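Here is what each chain is made of, one letter per residue.
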Amino acid sequence: MISKKISESMKGSSWIRAMFEEGERLKKLYGNENIFDFTLGNPITEPPRALKQELIRLITSQEKGMHRYMSNSGYEDVREEIAAFHKERTGIGFTKDHIIMTVGSAGGINVILKAMLDPGDEVIVLNPYFVEFKFYIENHGGIMRLVDTSEDFHLDLDRIKDAINERTKAIIINSPNNPTGVIYSEDELKSLASILKGYSSDGKKIFIISDEAYRKIIYDEIKFPDIVNIYDDTVTIISHSKDLALPGERIGYIAISPKIKDAQTLIDAAIFANRTLGFINAPAIMQRLVKGFQKNSVDIKDYQKKRNAIYNILIESGYETVKPLGAFYIFPKSPIEDDIEFIKYLQKYHILAVPGTGFGKRGYFRLAYCVEMDVIERSASYFKEAIKDIRP
Amino acid sequence: MLVSENIKRQMEETGWIRRMFEEGINMKKIYGDANVFDFSLGNPFIEPPDQLIRAIIDTLNDPVPGMHRYMPNNGYEEVREEIALYLTELYNLPFKSDHVYMTAGSAGGINILLKSMLNSGDEVIVPKPYFMEYRYYVESHGGIIKLVSTDDRFQLDMDKINSAITPKTKAILINSPNNPTGVVYEEEKLKELASLLSEYRKRGHKIYIISDDAYRKLVFDDIKLPNIFKIYDLVISATSHSKDLALPGERIGYIAISPKIKEVKSLVTALMFSSRALGFVNAPALFQRVIGKFQKNSVDILDYQQKRDFVYNTLIEAGFECVKPRGAFYAFPKSPMKDELKFVKIMQEEERILVVPGRGFGKPGYFRIAYCVPFDKIERAAEGFKNIGKRYIKKG
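Residue numbers (the working numbering), protein chains in the order written: chain A, 1 to 392; chain B, 1 to 396.
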């Protein structure tokens, strides 16, 4: 009864399930507190207190019609507020029309791809990558072109250039990056922009779809370069899953750059896609809730402390890793070539992690450090022993 | 070039809806909201039950850590258990939590279901008139929609369904109470459908019934909705709380898989994959949490029934032909002019009454009235319907 394509996609990821089940088994055997689970990007952080209070205020108000349908793109006042926030930050003339409220960034990316892609169109994705991108693209008849990043997970412009052809419709950028925690610099984004501009001619253009789900989670006082200021044909995808810790509520939005020529056509198509994919609209109460919190976020310092702790543990233990500058992931090199073997091996030390293979990059593994500090601290000796035993 | 050819085509096909909608907005600006009789939208003005809102407030005042985090893609286990208990009682079949899958409304539910089931080129039969979005849902996942006419009472026509079945037929998507007709499919008809589909099953061809139950609780005249899960084995329903609990903007509903379907496990795994891949991930957490306790509740059905009575009587008195709706909040009268688009424009211009032409539901020559509006709006529109009747309907 199941679609063949789905069965195949599911088969490909059966090892994830096997790993997950082994983790569950270990937790039952040794107790939750004795297992160091770094597998899930499901932060333990709670939403900001002010946001929780606002949610209570909203629901208690029982304002008439507040749970009804609104226009498929979302509430006007919410979109106005968000547009003003983008305008203030970027100096670009965003209006409410450029904002479409969505079911998180996963919903947003699906909507924009559905709006853009003809069958056979190609979308460039940078490797290592969030595997769901592949499914998002294939949902809408597109083909994913994976392009390796450099040694330190930054843009490899030559490779990107090689991957572009006449079917290239867009490139998905995810910075701060899942799984590496890397942030692309303004300079490299400018170089990317100038390459892409070289391919735009009458009616033909390559979009940047900028997945900025982690844009507020950045460390060391780095300034996050706004891609929309660097490249005109940019669609920004925002989620409030991470910055406001609302992943289960499914709220985010698409910001379509006013600098896109004939932007309105793309906006109309995206609104239509939002409806016909069955999202209809982003959850009503969450739209109202995030309206006043565009400048807020969960405690970033707390994540930075955790980043420091896990990074130091890994370096001191002898792992090789790029230092993450954002998000809550770190992507160290596996001490042995076979990362799936290494993950199984780490499980013996009560550490649960995701192999790099799950992100298209063999020989690495991902740790999601959006866990209690205590879990990170207590894991130190286990990381040390694991590498000592495998590389005596 | 800028947008997908497919989307462009679909948008052009429905361009007239947008134009009508804009015309409506324009009229409201000119004449004021109170003087425009808008029956075009299935967006009930009713508020959710008070106890439900109170339950949400209680939950927020006594927060469980992690209550806004991701949960399993199919939803909270305890909520699915509550719903399974309710379904067990309702359908007299042993539903377990695994048979329940929380979704972003029934639109979300149908999409992840079709994505999970359809191979490219598979066909889905839809009786018409029909909710137009079904076409997009089916086409989004590589399927082909096969429209089949209903009879003159908008009931299922078995001969037509039978002739529409091919080796590629994967499912039939039914919606009862029906949008746009308000018709409830009769038990007899559903049994005939079941025996027809069972014939195919005996020959090794499984055809599923996907039952869009969005209006399930909105039935009038003490009618008991036939138990589709008892009538046929291969049934999957998609339910929404948009109408019965008046929460359309919050996007909450669920899929119920018949306990008689053997491949529940693999279907649930596929649904989980599809909800992640399509970007739903999970149904919104906050409303999921309380919805299990409100399965037996619903907005005031008698209120809708009174509106149905008034609308129906007005139409009949004005001289319209109309099948009496037994549920939902729609009536689907025949247009006195063959070209119903022209007639709809006349109603708009002469009486400021906004309705949707039947071609918006694959059935030209009719129009849809959505009467989920305040009662006084219906009352004040009565005069307009009567005037139109006098002017355009030939008596005898």
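Note that these hints are calculated values from the structure, not bench results.
Hints may contain errors.
Claimed, not checked - Derived PhoX-like pairs (lysine-lysine); straight-line CA-CA distance at most 20 Å:
{"no.": "1", "chain 1": "B", "residue 1": "390", "chain 2": "B", "residue 2": "338"}
{"no.": "2", "chain 1": "A", "residue 1": "5", "chain 2": "B", "residue 2": "265"}
{"no.": "3", "chain 1": "A", "residue 1": "205", "chain 2": "B", "residue 2": "8"}
{"no.": "4", "chain 1": "B", "residue 1": "206", "chain 2": "B", "residue 2": "296"}
{"no.": "5", "chain 1": "B", "residue 1": "342", "chain 2": "A", "residue 2": "11"}
{"no.": "6", "chain 1": "B", "residue 1": "262", "chain 2": "A", "residue 2": "4"}
{"no.": "7", "chain 1": "A", "residue 1": "4", "chain 2": "B", "residue 2": "206"}
{"no.": "8", "chain 1": "B", "residue 1": "168", "chain 2": "A", "residue 2": "5"}
{"no.": "9", "chain 1": "A", "residue 1": "204", "chain 2": "B", "residue 2": "202"}
{"no.": "10", "chain 1": "A", "residue 1": "291", "chain 2": "A", "residue 2": "96"}
{"no.": "11", "chain 1": "B", "residue 1": "168", "chain 2": "A", "residue 2": "4"}
{"no.": "12", "chain 1": "B", "residue 1": "265", "chain 2": "A", "residue 2": "4"}
{"no.": "13", "chain 1": "B", "residue 1": "202", "chain 2": "B", "residue 2": "260"}
{"no.": "14", "chain 1": "B", "residue 1": "386", "chain 2": "B", "residue 2": "324"}
{"no.": "15", "chain 1": "B", "residue 1": "265", "chain 2": "B", "residue 2": "345"}
{"no.": "16", "chain 1": "B", "residue 1": "8", "chain 2": "A", "residue 2": "261"}
{"no.": "17", "chain 1": "B", "residue 1": "377", "chain 2": "A", "residue 2": "64"}
{"no.": "18", "chain 1": "A", "residue 1": "5", "chain 2": "B", "residue 2": "8"}
{"no.": "19", "chain 1": "A", "residue 1": "64", "chain 2": "A", "residue 2": "291"}
Computed from a predicted model, the values in this text were never measured in an experiment.
**Asked** Against which earlier hints does the structure fall short, listed by number upward?
**Response** Numbers 4, 5, 9, 15 and 18 - these are the hints that the structure violates, sorted from lowest upward.
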